[in-house]
Structures are given as structure tokens and as C-alpha cells.
Amino acid sequence: MAYDPRLAGAGTAAPDPPTPPPPPPSTASATATATKASASLEQADSFKLRFCTVCASNQNRSMEAHLRLSTASSPFPVISFGTGSLVRLPGPSITQPNVYHFNSTSYSQMYDELMSKDERLYRNNGILNMLDRNRNVKWGPERFQDWVPGSPRTDHVSKGDKGALGTEGGVVDAIITCEERCWDAVVDDLMNKGSPLNRPVHVFNVDIRDNHEEALVGGKAILELATRLNEIAAQEQKVLGSEGWENGTGEARRSFDEKVPEVLASWQEKWPNLPALWTLAWL
Amino acid sequence: MAQSGDQVVDQIAQLNAARNLVLGDAAFYPQIVNGVLPIIGAHSRVELRRWGTEFLAETFASPAFATSQKEQLATNVLQTVRNILELPEEDQMVLKNIVQTAASLYPLVFRHIINHPEARESWEHIEAIKQDILRRWDSFSYPVRVCCIKFAQRVVLVQTHGLIADPRRPEQNETSLAIVPRNHAILSLPNLEAESSGLLDRILTVFQEDASDPILVNATLNCLAALIRNRQSIGNKIINAILNFFPARQARSPVTPTVRVGVKSMERTSRALLINIMKRNPSHPLAGKMQQHIERLMQSRIEPADETSRKRGLPSEPTDGLDVAKRAKLSAELPPVIKIPPLPPGRISYAQLFTLTEDAGLSSFDVKQLPAEILVKIVVPLLARVDQSSLNQVVDAVRMRYQSVQKQQTTQSQPAAAEEEDDYEPEYSPMDVSPAEDQLGAVSSELAGEQPDLVSLGPFVLPRPPPLSEEQAADAGRDAVARVFDMLGSTTVTPNPVKGQGQQFGFSRLAGSTFDRDAWVTLLTRLATRAPAGLEAGPKLEADNPARRKPNISDAIRETLYRYILEDFRGRVNVGIMWLNEEWYNDRIQMKLAASNRKEEDEEVSVPLHYDHWVLRLLDGFLPYLDSRDIKIFIRFLSEIPEVTIPIAKRIASLAKDPERVNLCVQSFMYLIMFRPPAREICLDALEEVYQNYEESRPSAGKVLSRWRPQRVEQLQAEQTTLVNRTLNTQPPNETITNGFKDPRTARLSDSQTSSDTMVS
Numbered sequence: 001m002a003y004d005p006r007l008a009g010a011g012t013a014a015p016d017p018p019t020p021p022p023p024p025p026s027t028a029s030a031t032a033t034a035t036k037a038s039a040s041l042e043q044a045d046s047f048k049l050r051f052c053t054v055c056a057s058n059q060n061r062s063m064e065a066h067l068r069l070s071t072a073s074s075p076f077p078v079i080s081f082g083t084g085s086l087v088r089l090p091g092p093s094i095t096q097p098n099v100y101h102f103n104s105t106s107y108s109q110m111y112d113e114l115m116s117k118d119e120r121l122y123r124n125n126g127i128l129n130m131l132d133r134n135r136n137v138k139w140g141p142e143r144f145q146d147w148v149p150g151s152p153r154t155d156h157v158s159k160g161d162k163g164a165l166g167t168e169g170g171v172v173d174a175i176i177t178c179e180e181r182c183w184d185a186v187v188d189d190l191m192n193k194g195s196p197l198n199r200p201v202h203v204f205n206v207d208i209r210d211n212h213e214e215a216l217v218g219g220k221a222i223l224e225l226a227t228r229l230n231e232i233a234a235q236e237q238k239v240l241g242s243e244g245w246e247n248g249t250g251e252a253r254r255s256f257d258e259k260v261p262e263v264l265a266s267w268q269e270k271w272p273n274l275p276a277l278w279t280l281a282w283l
Numbered sequence: 001m002a003q004s005g006d007q008v009v010d011q012i013a014q015l016n017a018a019r020n021l022v023l024g025d026a027a028f029y030p031q032i033v034n035g036v037l038p039i040i041g042a043h044s045r046v047e048l049r050r051w052g053t054e055f056l057a058e059t060f061a062s063p064a065f066a067t068s069q070k071e072q073l074a075t076n077v078l079q080t081v082r083n084i085l086e087l088p089e090e091d092q093m094v095l096k097n098i099v100q101t102a103a104s105l106y107p108l109v110f111r112h113i114i115n116h117p118e119a120r121e122s123w124e125h126i127e128a129i130k131q132d133i134l135r136r137w138d139s140f141s142y143p144v145r146v147c148c149i150k151f152a153q154r155v156v157l158v159q160t161h162g163l164i165a166d167p168r169r170p171e172q173n174e175t176s177l178a179i180v181p182r183n184h185a186i187l188s189l190p191n192l193e194a195e196s197s198g199l200l201d202r203i204l205t206v207f208q209e210d211a212s213d214p215i216l217v218n219a220t221l222n223c224l225a226a227l228i229r230n231r232q233s234i235g236n237k238i239i240n241a242i243l244n245f246f247p248a249r250q251a252r253s254p255v256t257p258t259v260r261v262g263v264k265s266m267e268r269t270s271r272a273l274l275i276n277i278m279k280r281n282p283s284h285p286l287a288g289k290m291q292q293h294i295e296r297l298m299q300s301r302i303e304p305a306d307e308t309s310r311k312r313g314l315p316s317e318p319t320d321g322l323d324v325a326k327r328a329k330l331s332a333e334l335p336p337v338i339k340i341p342p343l344p345p346g347r348i349s350y351a352q353l354f355t356l357t358e359d360a361g362l363s364s365f366d367v368k369q370l371p372a373e374i375l376v377k378i379v380v381p382l383l384a385r386v387d388q389s390s391l392n393q394v395v396d397a398v399r400m401r402y403q404s405v406q407k408q409q410t411t412q413s414q415p416a417a418a419e420e421e422d423d424y425e426p427e428y429s430p431m432d433v434s435p436a437e438d439q440l441g442a443v444s445s446e447l448a449g450e451q452p453d454l455v456s457l458g459p460f461v462l463p464r465p466p467p468l469s470e471e472q473a474a475d476a477g478r479d480a481v482a483r484v485f486d487m488l489g490s491t492t493v494t495p496n497p498v499k500g501q502g503q504q505f506g507f508s509r510l511a512g513s514t515f516d517r518d519a520w521v522t523l524l525t526r527l528a529t530r531a532p533a534g535l536e537a538g539p540k541l542e543a544d545n546p547a548r549r550k551p552n553i554s555d556a557i558r559e560t561l562y563r564y565i566l567e568d569f570r571g572r573v574n575v576g577i578m579w580l581n582e583e584w585y586n587d588r589i590q591m592k593l594a595a596s597n598r599k600e601e602d603e604e605v606s607v608p609l610h611y612d613h614w615v616l617r618l619l620d621g622f623l624p625y626l627d628s629r630d631i632k633i634f635i636r637f638l639s640e641i642p643e644v645t646i647p648i649a650k651r652i653a654s655l656a657k658d659p660e661r662v663n664l665c666v667q668s669f670m671y672l673i674m675f676r677p678p679a680r681e682i683c684l685d686a687l688e689e690v691y692q693n694y695e696e697s698r699p700s701a702g703k704v705l706s707r708w709r710p711q712r713v714e715q716l717q718a719e720q721t722t723l724v725n726r727t728l729n730t731q732p733p734n735e736t737i738t739n740g741f742k743d744p745r746t747a748r749l750s751d752s753q754t755s756s757d758t759m760v761s
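Protein sequence lines, in the order shown, are assigned to chains D and P. Residue 279 in full-length UniProt numbering sits at position 279 of the first sequence; the count goes up by one each step and never skips. Residue 18 in full-length UniProt numbering sits at position 18 of the second sequence; the count goes up by one each step and never skips.
Hints are supplied without guarantee of correctness; some may be wrong.
Claimed, not checked - Label-pair ranges, simulated between beta-carbon atoms:
(1) D:211 x P:469: 56 to 62 Å
(2) D:88 x P:409: 54 to 60 Å
(3) D:155 x P:198: 54 to 60 Å
(4) D:108 x P:229: 38 to 44 Å
(5) P:211 x D:90: 45 to 51 Å
(6) P:14 x D:115: 45 to 51 Å
(7) D:90 x P:178: 39 to 45 Å
(8) D:47 x P:139: 56 to 62 Å
To be verified - Residues from chain D that face chain P, not an exhaustive set, calculated with beta carbons under 10 Å:
(9) 142
(10) 153
(11) 191
(12) 227
(13) 266
(14) 282
To be verified - Straight-line Cα separation of at most 30 Å, BS3-like style, residue types lysine-lysine; simulated pairs:
(15) P:279 x D:193
(16) D:193 x P:130
(17) P:237 x D:193
(18) D:270 x D:117
(19) D:238 x D:117
(20) D:159 x D:193
(21) P:592 x P:632
(22) P:592 x P:657
(23) P:632 x P:657
(24) D:48 x D:159
(25) P:368 x D:193
(26) D:220 x D:270
(27) P:632 x P:650
(28) D:270 x P:237
(29) D:220 x D:159
Since the hints were made in silico from the structure, they are not lab data. Yeah, the Cβ is synthetic: ideal placement off N, Cα and C, and Gly gets one too.
Isolated chain D (complex conformation) (with noise of 0.2 Å):
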């Protein structure tokens, strides 16, 4: 119980990255001797759209999306973030939450301060189980407002963020909100910021009920809509790279933004109970 059984499955499954070295020498070492053609191949079949998962608190639904997507067995560049004005963890009683700021305030601190109020109501509750798998994600959680895109992550590339690798530059192809409430704010916000960087970024909602086991749940679906999401782009891209545009026929020359509708749609019949949403906007 003091560990999430979890944790240590995703953690076999995929090797954790330890601060390793930047990936394209390393993929260039490895396809040094390859053709051109098959260099391109190489680059497509290990292209990455980068994702960013949001939700209220940045503690439980977007982290447990944020794990799953930085280990599956070929992990995304992932970063998360919660849209709520405090972070809020339940307390001993509903009017007593436990309330802390986001990005000043690490997984760590809160682990360390919750379990000297009472460990046994936070370890029972679920809520010393989550930090402890958020703390060995990444820092703390950080606020979705406060995030400028573009602005470049290499600290956390360099703290060892889960995902962090393939999110130097501070930009996302694709942002995964976890609540109704959370795509509205984030939509807002991006609206807001005014879209500097001229960048656009599909924005989804798969809605999942705040709780342990539905994020579980829900992690698994954000998983395989990444994945199916990054199977069209990849496949643009294998496209572009090898035949160049021109040469493409039917269905491979359609491009992925047109494609992301009918990927959630078909996503959306599996998951039918994750209740989806999308739009383009920008970053």
C-alpha cells in the first residue's frame, strides 16, 4: 500500500528515462550507416506528437494521464497542467480541504506535510498513494494560466520530468483536457494569451469523473487516443518523408489535421461513457 502497485508495472514496461542524453544524436548515431530513405523511415516511424494533459488540480486525473502517457512501451513527450485557481486536496472533512499554490508548492512538500497531519485518513483516502506517484512524475503541478508557450523547458529536462524529453521548446501538438470545465478554461485562456507563437494545437476533452478509479480508466482511453493520434501523424509524415506529398494517393494524402474529427469519432465508439470534444485553436 505504501506504493502504487502501479507505478511499478508502468515501470517495467517502459524503461524510466534518467536524464539520457538529447534523442536526435542519438537517433543519429543509431541510422548513421541507413539511407536516406530509410533515415526518414526511422524518423517517422519514431515521431512523437507532443501532448500536454490539463485538469482542475494537476494531482490526480491529468497526472495519471501524464504517467501513462511518458511510460507506455514508446512514450510521448508529455507535460500537464491543472486550470484550477488553487490546488485542492480533499481534507478531513468536505469544508476542509487541503489547499495549496500551484508552482510553488512541490508533490513532495504536500506528501511530507499530509502525512504528518494523518497519515492513516490520506493513506486511506488514496490522496498519499497519488502524490507519491505524482512526486516521482515530476515536480509540482503547475497552472495552465500561468504556462507561456513557447518559453523553453529544459529545467524540467533536466530535473528528470517524466515526458519532459521532446518538450524543450515549450510547445505541444495537442492538449487533452480531462473535464468540460477545464477544455472551457483552457480554450478561454489560449484565446486570451492571443496565440503568439501563430502555432495551432488540437484541443480535446475526454471527460472523467474526479476519482481514482476513473482516472485509471481514463488515463487508459487518453492513452489510446494519443496513440491513434500519433499513428496519423506518424503516417503523414512517412508520407511527406519518403514519397514526398506529391506522390501520395487516397487516403495516406490526407493530411493528420483533417483526420483528428474521424480518429475521435471512432475513439468516441469505443469509449462512449468518456463523453469527447475537440477543437483547433492556437498557441
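Dock chain P against the given chain D, drawing on the hints supplied.
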């Protein structure tokens, strides 16, 4: 080739290292960008160009890199960007990056030119880039087009007038036409403004297209917020374009899940944008309209996108020409329509499938009894003469029957396997299975014997019970009515909702709203008056055998209602009024219907009218119990029933027989005369009669009559006096009669005064 491939990989690795450097410290950007430019130019390999353009896009978008430095650097890269853009190869990734870079570069270069009017070359480059992108916008591949929207938005943002935050510190103002000097050497304000206006229209056309693409629409919606917020001059135009955009209209059939995702996303994005605008400026002049639009979006969403039942319903309409009603409308010459009896419920045999006649004798006739040669003699000429359209009709009828039977069988065997939870199947529930089998065995054992294996295969729909005879149905109906009345009687205070009853009659929507006593009474009155209206096949039939039709359920309800009201007519007078109004209304409707159904001019149409009958019965029922204190209830009754007829007036007049109720009678008449003009003459006539026949009424009745029929009163008085004189009666003529024309209201007041006096006494 392999050699160069290796080189490229190595080069990209080096470039990535350089990128990591600038990500760590933005101060290196100018140095790195200038160093990288020759490597990633138009003549380098496509991989390098992809990397390079992405790097440029990232550089000029980076919030870590100061704007003033970007501005300086921007002019350096223009030539390279232009050359790559103008390459004929059209690599999607490169173009996407280039358009993104251009969107970031445009305000930087524009600002640079405002401050450096001599930088004509830079302006030429950026102008060429802009024109090239705008020209090729529609021919670009999809992802590039999305980026073009954003580029156009940037251009519009720059080439319109923005707010000047602080005129003393121009470096802090955002880049817009507002900071362009009027006499700028290169930048011509009217031209730039005109261009941006046209560009804005082009951006907004996405909302006017017939089949808007959700990706382009969402991309546009999501970049408009900045324009609306920062550019008041064009804000309203953009908002109006959004207000006229209804995503639900884009949902053309077939509504696939993908279309649903698209429509929903456009709705939610429109909503998000409008909310964003209203949050920023709650007192926006268009706020009301925006709020309305948001609500309308919420409503329209229910229709095509979310609720599939309506969409699904449409194709189930017979479109194959089998629908008789449809064909009748289309073809000029009407083939005689053959009546196709419905199939009997439950399992059916082939014989039943093909039997189209309802004649029992004919359908039980065994053709095999006839010798073959006679059969041939009959059938061959018959086939030759058979009417083509009739033949088609019956063949179609049998085909339809066959198809529906087939469908039934397949739907019966499937549900167990189907996973769809939300499919609504009122016919089927697993609980039916075993009784259905039992029933089936009992009802059609010979059929079960034919195909015993099918019985064990799957669930069956419970066969419909044999149709009730008319009597049984009437009995059941009466029982139901009696139960409702029981309930009304037993729960005088607390409303007692018994849902099943209402649903049984299909009126649940009516009574479902309140479930109090009133709702049930409404239900009952309507049940009595309207429900059987449709069942009466026609006035002719009704006239033919009225005796058989008479004791029907509606009359039973009427009888019960009548008794119910009489039980406590003071308390239930409103029920009576409601009921009589329903009766009257239904009579009108029936008359209208009968008139419109009348085929021949001379045919006599008779409609059973209920109002007259029941209003009199009701009056007769409670008049004996009416006493002088009931005047308010009685007048209310008389004023609210839909029509006052002569017989009713006669009944009122009869009250005058009782000296104690004369006042009640006259007051009622006076009320009707004053406030019910259509009944005025009838009542005056009746009142005259009262005046003549009952002496006790004369003081009060005379007053009323003198107001409305002065001559007649004088005449009557004369008659009276002569009569009096003749009989030597000493009673003096009443003086109040001559009081003449009083204000009717005061007259009434004084009268009610007297009546209340009598009440006290």
C-alpha cells in the same frame, strides 16, 4: 547518395545541439540564426529546410527572445524565407513552417519599416511573401491552409487601427496602423486598410460556406478573439458574422460520428469565443445578441447532432412507392385502392401471409377441391383480365408483409447479441420470453408444430391478445373511468397521482403536468367529450344505428361526471363549467368536421350534440336545491357556460315559481342581460314572462325591464292596471318601476344590496 544522407543526419544532429543551446540561453539566437541561415537556404536539402524553417518559426515565436532583437534579426532572414517559399517543390512541412514564420515576422518587419522608411528592400520581401501566401492560400494542402488563416489574422491585426496606450512611449505601443505616420514613404494607409478589410472578409467567408469544414472554422474562431478584443473598428463585423453562423446547419445527412464531432466542436468553439468576448466586456453593445446566440446554439445542438432519433426517423418513411397516400397524390388516375387487412398478431403461416381477403368463407375455401381442368379454365382468362394496378398493389402488399415479418424475425434474434444500450425497444424485454413461449404454444399450437426448432431459438414477442369485443372494451373503459372517479372521491384533499391511468388513455402529457385533482377532471372531461369523436366512423353510421352506439364509454363518463357534480354542485360548479365548455367546443368541432366531410349537397348531416342535453340535465339536477344564497355560484355558472339557450332561460325563469328565489331569478337575468349580449334578447323575453306570471317578481323585474325595454314595460303596466282595475285589485302599481334610467352598475349595486339584505334575513 548514402554519403550525403549521412551528412544530413550529422548536420541535423549539430543543428539540434545548436537549438539546445539557444533554448538554454536566448541571447545566442542572433548568432545561431545568422550562422544557420546559409545551411537551411533554398538550395539545401529538404530535410535541412524542414529543420531550418521549423527553427525559424520557433525563433520568431519564442517568448524568451526579446522583441526588439527579433525585429533586428527579422530583416536578415526575409530573403531566405522568400526564396524557400517561392520554391516550386511545395513541401508541406516546409510550407507550414514558413507560413508560421511569416505570421510571426510580419508585425516585426512592419514595425521595422515604420521606423525605417528607407528599408525599401525589406518591405519588398515581406510584401512578396505576403502576396505569395495569400495568392496560394486556397491551393495549399490542408495543414498549410490552417496556418494561412493565422497569417491573415496577423496581417489584419497589423493593418488596422489599434489603441495607442501611451503616445509618449511609442516603443510600447503594439504594432498597428495607428503608429504609422501619415506621410510614410512606403506605407500607404488607405491601401493597407483596404487590403486588411478585404482580407478580413476572406477570413470570414468560412462562416458563409455551405459545407464548412470544422477544422478551418475552429481555426478561424480561435484566432478571432484577439481581433475582436484589440480592434474595435472591425469587432462588430466579426461578431455579426459569428452570430449568423449555425454549425448545426452543417450537419447534412448522413450524420456520421465524424460529422457529429465536427458540429459539436464548432458549436462549443463559437460559444467559447462569445463567452470570451463577453467576459472581457460585459457591457458590449452586442452582448444581448451574443447571449441569445449562445442559447440558440445550445438548443440547436439537441436537434441534429446529439439526438439521432429524429434524423433516423426520416428514412423509415416509405419511399418506395408503396405508400398508397403518396401515390394517390402523384398519379392523376386513381387505381381502386384495395384494402389490405393487417396481419394477425403472433406467428403466421404462409396461407395467412398471402390471404388478402377478410371474407372468412373465401379464405377457408380449399382450391384443391376443384378439378384441375376447371381451375385452368377459370384462372387463365382471369389472369388475362386482371387489372395491372390491382395486381401490383396486392403483390406489393404481400411483399411488404413478408418484409415486415422478416424484419421482425431478425430483430427478435438479434437483441441479445447487440451491445447498444440506448436502443429503445419497447416491444422487447427479456422477461417476455417464457410467457411468450407458453402463450404461443397455446394460441397456435399447429404453427409451433410446423417449426418447433424456431421456438427454442430465441425470444419472442408476446402475441397480442385477441381483440376485445366492443362490449368488453366498453366495460374495461367504464372500469377505468370508475377508478378515476373513485380516486377523485377518495382523495378530496391530497392529490393522488395514479400514473398508469393517464398513460392508458394516452393523455399522460396533459395530466402529467400537475397530477392534482383538477388535472384529472380535465382529463375526464376531455375523455368524455373528445376521445370518442374520432371513433365515430361518420355521421351516417351514427345515424343508422344510434341505439347500438348509444351506451358508449363517453356517455358513461358523462353520466358519472353529472353525478359527481351534483353530489356537491356548490363545490364542483367549476368542474361543471369546464365540462360544459368542453362539450360545447367538441360539438362545434364535430359540426365543422361533419360539414367538411359532407359529400353530397343534399345529404343530411347529423351530429350528435351533447351540450344542450347535458346543460339542461345539469340545471334540472341542481335547480331544485338552489337557494337564494347560492346567487354567486349560480350567476357564475350562467356567465361561464359557453351558450345560454331559450330552454336554459326557461329553467331560470322557473325559479320565480318559488317566492323565495324570485330575487335569484331576476338577478341572474339582470346579470345575463347586462353582461351577456348574445343572450340578452332571450333573457329579456324570459324576464317579461316572469314579470307577467309572477307578481313577486314585479318590483325587481320591472326595474330591469324599464331599463332595457321601457315601452314594453309601460305596455305591460297598462295591461296590469287594466287588469287590476278590472279585478278591483287595490294593489298600487309599484313606484320603483318608474325610476327609469339608472346607471346599470348602481342599479345592480343597490339590487345586490337588497339581495344581501334578504340573505341576512
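Hint check:
At about 60 Å, the beta-carbon gap between residue 211 of chain D and residue 469 of chain P stays in the expected band of 56 to 62 Å. Hint check: residue 88 of chain D to residue 409 of chain P, Cβ distance near 57 Å, so the stated range 54 to 60 Å holds. The hinted range of 54 to 60 Å is not satisfied by residue 155 of chain D and residue 198 of chain P, whose Cβ atoms lie roughly 46 Å apart. With their beta carbons about 40 Å apart, residue 108 of chain D and residue 229 of chain P fall inside the hinted range of 38 to 44 Å.
Restraint check, residue 211 of chain P to residue 90 of chain D: a C-beta distance of roughly 48 Å satisfies the suggested window 45 to 51 Å. For residue 14 of chain P and residue 115 of chain D, the hinted distance range of 45 to 51 Å is satisfied, since their beta carbons lie about 48 Å from each other. The supplied range of 39 to 45 Å is broken by residue 90 of chain D and residue 178 of chain P, whose beta-carbon atoms lie about 52 Å from each other. Under the hint 56 to 62 Å, the C-beta atoms of residue 47 of chain D and residue 139 of chain P, about 26 Å apart, miss the expected range.
The interface hint given for residue 142 of chain D is violated, since its Cβ lies 16 Å from the closest Cβ of chain P, which is over the 10 Å cut-off. For the restraint placing residue 153 of chain D at the interface with chain P, the shortest Cβ-Cβ distance is roughly 8 Å, inside the 10 Å limit, so the hint holds. Interface hint at residue 191 of chain D: satisfied, since its Cβ lies 4 Å from the closest Cβ of chain P, which is below the 10 Å cut-off. Hint status for residue 227 of chain D: violated, given a least beta-carbon distance of 18 Å to chain P, over 10 Å.
This hint holds: residue 266 of chain D has a C-beta 7 Å from the nearest C-beta of chain P, less than the 10 Å allowed. Proximity of residue 282 of chain D to chain P holds as hinted, the smallest CB-CB distance being about 5 Å (cut-off 10 Å). Restraint check for residue 279 of chain P and residue 193 of chain D: the C-alpha separation of about 14 Å stays at or below 30 Å, so the hint holds. As the CA atoms of residue 193 of chain D and residue 130 of chain P are separated by approximately 24 Å, the hinted pair is consistent with the 30 Å bound.
For the hint pairing residue 237 of chain P with residue 193 of chain D, the CA-to-CA distance comes to about 22 Å; that is within 30 Å, so the pair holds. Between residue 270 of chain D and residue 117 of chain D the alpha-carbon distance is near 42 Å, which puts this suggested pair outside the 30 Å criterion. A hinted pair counts as satisfied when its Cα atoms are at most 30 Å apart, and residue 238 of chain D with residue 117 of chain D does not qualify at roughly 54 Å. Proximity of residue 159 of chain D to residue 193 of chain D is assessed by CA-CA distance (about 27 Å); at most 30 Å being required, the pair is judged to hold.
A C-alpha spacing of about 35 Å is found between residue 592 of chain P and residue 632 of chain P, which places the hinted pair above 30 Å, so the restraint is violated. A distance of roughly 40 Å separates the Cα atoms of residue 592 of chain P and residue 657 of chain P; the hinted pair therefore is violated under the 30 Å criterion. At most 30 Å may separate the alpha-carbon atoms for a hinted pair to count; residue 632 of chain P and residue 657 of chain P meet this at roughly 20 Å. Only pairs whose Cα atoms come within 30 Å are accepted, and residue 48 of chain D paired with residue 159 of chain D is accepted, the gap being roughly 21 Å.
Proximity of residue 368 of chain P to residue 193 of chain D is assessed by CA-CA distance (about 89 Å); at most 30 Å being required, the pair is judged violated. Straight-line distance between C-alpha atoms of residue 220 of chain D and residue 270 of chain D comes to about 12 Å, which keeps the hinted pair within the 30 Å bound. With a C-alpha separation of about 19 Å, the suggested pair residue 632 of chain P and residue 650 of chain P falls inside the 30 Å cut-off, and the hint holds. For the hint linking residue 270 of chain D to residue 237 of chain P, the alpha-carbon distance of about 42 Å lies beyond 30 Å, and the restraint is violated.
For the suggested pair residue 220 of chain D and residue 159 of chain D, the alpha carbons sit about 26 Å apart, so the restraint of at most 30 Å is met.
Violated hints, in rising order: 3, 7, 8, 9, 12, 18, 19, 21, 22, 25, 28; the structure is consistent with all others.
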